[in-house]
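> This is what each chain is made of:
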Amino acid sequence: MFQLIANIGKYMSMILAVFSKPEKGSVFRARLFEEIDFIGINSIIIVALMSVFMGGVIALQTASNMDSPWLPEYTIGYITRSSTILEFSPTIICLILAGKVGSNVASEIGTMKTTEQIDALEIMGVNSLGYLVLPKIMGAVIFFPILIVFSMGLSLVGGWLAVLLSGLASTETYVFGIRSFFEVGDITYALVKTVVFAFLIVSIASYYGYYTKVGAVEVGKSATKAVVSSSIAILISNFFLTQMFLL
Amino acid sequence: MIEVRGVNKTFADNHVLHDINTKFEKGKVNLIIGQSGSGKSVLAKCMVGLHRPETGMILYEGENFTDMDHKERVNIRKEIGMLFQGSALFDSMTVEQNVMFPLTMFTTMTKKEKLDRVNFCLERVNLDGKNDLYPAECSGGMQKRIGIARAISMNPKYLFCDEPNSGLDPLTAIVIDNLIKEITYEFDTTTIVITHDMNSVIEIGDNILFIHQGRNWWEGNSKGILTTDNKEISEFVYASDFMKEIRTMMKEKRQ
Ligand SMILES: Nc1ncnc2c1ncn2[C@@H]1O[C@H](COP(=O)(O)OP(=O)(O)O)[C@@H](O)[C@H]1O
Ligand SMILES: [Mg+2]
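Residue numbers (our numbering), protein chains in the order written: chain A, 1040 to 1286; chain B, 34 to 288.
If you're looking for bench data, these hints aren't it; they were derived computationally from the structure.
Every value quoted in this text rests on a predicted model; they were computed, and no experiment measured them.
Mixed in with the good hints, there may be bad ones.
Unchecked claim - Once the Cα atoms are required to be at most 30 Å apart in a straight line, the calculated DSSO-like pairs of lysine-lysine come out as:
#, chain 1, residue 1, chain 2, residue 2
1, B, K104, A, K1060
2, A, K1060, B, K147
3, B, K286, A, K1060
4, B, K256, A, K1063
5, B, K256, B, K286
6, B, K144, B, K190
7, A, K1049, B, K256
8, A, K1060, B, K256
Said to hold, decoys possible - Label-pair restraints from in silico Cβ distances:
#, chain 1, residue 1, chain 2, residue 2, range
9, A, S1052, B, K104, 17 to 27 Å
10, A, I1275, B, N54, 34 to 44 Å
11, B, T137, A, S1276, 30 to 40 Å
12, B, T140, A, V1223, 41 to 51 Å
13, B, G70, A, S1052, 47 to 57 Å
14, B, G95, A, K1139, 49 to 59 Å
15, B, R106, A, Y1050, 19 to 29 Å
16, A, P1061, B, L204, 38 to 48 Å
17, A, V1253, B, E265, 22 to 32 Å
All residues carry an ideal CB built from backbone N, CA and C; glycine is no exception.
Can you build the whole structure from these sequences, using the hints too?
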């Protein structure tokens, strides 16, 4: 428990250092694009795959559970849309990204730490946290929402393909379901969650990477801790955000 | 000139440095020698501000570095070049980008000026034309030379080298040693080299500081270190059979 509080304190002071004394504008911009490429573009394929298949599964599950004749067929589209936008895309995809991006970021920074590259930055007079971590956080905060919107779209396409191929509903009813009872607020809610998760994933992973101890196995340990802690942080903050928005 | 006054450094309950007092002269190669774990790297890291000593101070040309605020420190750090034990090159960048990095961060030079400076530094360490290689594609000796090129790119007044020839074959080690020596005399830097290589001690050591169990034990030059009768130094210097044989030969010659 004491350990946890100490960690959170150290994490907070790291966040402060990340946002203080930013580097030259041109340097920051170049780093930001590097990170958007590294963190965001590299995740497109896994997000696409996950989304199409999960969309398909949600649609099939919904269809197979609709025993009651009172439920209209367009329920399939409606349920697929709500689960995708409210939980699947923002939360589940971010959990997947916590695994991929979190371990990448922690091991990249951890390796730089153990090979003294971070010391090298500091010696030169560079604020290593500002230089390394800030563009990562900003890159994720900017690009994760794009990824998630992309995921929502593909998940709905996956659901459509599933109902079409299995003949459970027509394209018209599916699309009608998707469009019924639609609220723009749901998307806002999903994107706010995404931004919070993006921040948590990258900052927590950076924290574990930056405070990696010296030694060959330590980088791996940091990466594991990063994934576990950021996943837990996502689940806990998801609970509170859901309460705040939906109630 | 860099002066170290009364520096103590402790990690948890491990008291690493005990009241270190010494001076490092300008235009000279100043060596810090001693066994592994004696605190050499920690002393160097205290001097450049990567560690904060509990007591004591570091003076750069009489200015107290330890008490400076962040901005003043950065100004001193821009005058420090450091070659790390493991080279610490940025492995996501090419050789050229590595050497150019400090210039990009801290100068307003144009692209052309930066490139000229990079090429000058690479030439200086005999790596002209290797601009587009990545550190992983370079041998250990090349990595050290890239590290030196990066360290001198900002025309530093102070050059720190932590075990510059560890992990190198004897011939390459001599190349690196000579390079450090030449650069020191050419650019009149205050150079500090951490080493436990006896060859470097004798070849390039203008001043030598021997650290033993975190204390400054002995100071002198390369002649003195071979003839001193200090027990700990003799054990360190004449650790190998080869050096012991040399000692016997030297004694016979004298008689
Ligand atoms: N960052 C650190 N945290 C804790 N202990 C350290 C740290 N760096 C060095 N030490 C300890 O300080 C002592 C001296 O280390 P060092 O200066 O690296 O030795 P060397 O003379 O071989 O360079 C060792 O006992 C080492 O364990
Ligand atoms: Mg060392």
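> Output the numbers, in ascending order, of every earlier hint that fails for this structure.
3, 4, 7, 8, 10, 13
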